[in-house]
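Colleague: The lines below spell out each chain.
2 protein chains.
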Amino acid sequence: MENVGTALAEMTLPQISPLAGEPIDRADAERLAGVLKALADPARLRLLSLIQSAPDGEACVCDLTAPLGLSQPTVSHHLRILTEAGLLEREKRGVWAFYRLVPSAIGTIADLLTPPRKRATKKAPR
Amino acid sequence: MENVGTALAEMTLPQISPLAGEPIDRADAERLAGVLKALADPARLRLLSLIQSAPDGEACVCDLTAPLGLSQPTVSHHLRILTEAGLLEREKRGVWAFYRLVPSAIGTIADLLTPPRKRATKKAPR
Numbered sequence: 005m006e007n008v009g010t011a012l013a014e015m016t017l018p019q020i021s022p023l024a025g026e027p028i029d030r031a032d033a034e035r036l037a038g039v040l041k042a043l044a045d046p047a048r049l050r051l052l053s054l055i056q057s058a059p060d061g062e063a064c065v066c067d068l069t070a071p072l073g074l075s076q077p078t079v080s081h082h083l084r085i086l087t088e089a090g091l092l093e094r095e096k097r098g099v100w101a102f103y104r105l106v107p108s109a110i111g112t113i114a115d116l117l118t119p120p121r122k123r124a125t126k127k128a129p130r
Numbered sequence: 005m006e007n008v009g010t011a012l013a014e015m016t017l018p019q020i021s022p023l024a025g026e027p028i029d030r031a032d033a034e035r036l037a038g039v040l041k042a043l044a045d046p047a048r049l050r051l052l053s054l055i056q057s058a059p060d061g062e063a064c065v066c067d068l069t070a071p072l073g074l075s076q077p078t079v080s081h082h083l084r085i086l087t088e089a090g091l092l093e094r095e096k097r098g099v100w101a102f103y104r105l106v107p108s109a110i111g112t113i114a115d116l117l118t119p120p121r122k123r124a125t126k127k128a129p130r
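Each protein sequence line maps, in turn, to chains C and V. So the first sequence is numbered by the working numbering: it starts at 5 and just counts up by one. So the second sequence is numbered by the working numbering: it starts at 5 and just counts up by one.
Keep in mind that the hints were calculated from the coordinates and are not lab data. Only a predicted model underlies this, so the values are computations on that prediction, with no experimental measurement involved. There could be a bad hint or two in this list.
You can't tell identical chains apart in this list, so a pair holds if it fits in one copy or across any two.
[To be verified] Straight-line alpha carbon distances no greater than 25 Å define the calculated SDA-like cross-link-like pairs of lysine to any residue that follow: (1) Lys-96 - Pro-27; (2) Lys-96 - Gly-73; (3) Lys-96 - Arg-30; (4) Lys-96 - Ala-31.
Please work from the sequences and hints to get the whole structure.
Modeller: Pasting the structure below:
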């Protein structure tokens, strides 16, 4: 799977914002849809939420199976999808891999979905 | 299909934000995932983008088939999914139905995905 997070970072905002006043093209729509698909799953939203609210903002698979009530392979599968989408970063320490959110990636998606008037007001208030 | 947009509007932000510092529960994660699924499709992102950038911010199926290169039934199908998710509103005028974005619904999703630090800074700058 392409690292969609990296692809997102390489595009400038006006190019891919579906709500910035210019229609987006097919390729950009496919990239953005890929990241949104990674997000659009209840278990993955709960994983992001659990990791974000963990004491140091990071968690390993071992912390996440019990609160979700899912097996370790299933949790690992969801974590891999989120990491490949550029929404989580992974660091191996000892026997466990620790995951934390990539705030810039999620912030970028939030910006892309912010209606243009709201964004324009922030940049140039009247 | 449940009108997920209405469901979103009925929840207060801290309850369902996956990134607000408290884990979200299963039901809220399922509602938010439902709205994100409606968004996570290249054709639907392009439809939103085309409608938003149309002269009066509205368009009918007749305006949308040619730019997308899709049949009218396919475009209607995607418009129905976006409307049921609360992302578009539909007004019948004469023989055509006209669609426009529901900025508050899309703004809510953007807010939900805004990392908490960014949001806190806006509310209480130091």
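Colleague: Could you work out which earlier hints the structure fails to respect and list their numbers in ascending sequence?
Modeller: 3 and 4
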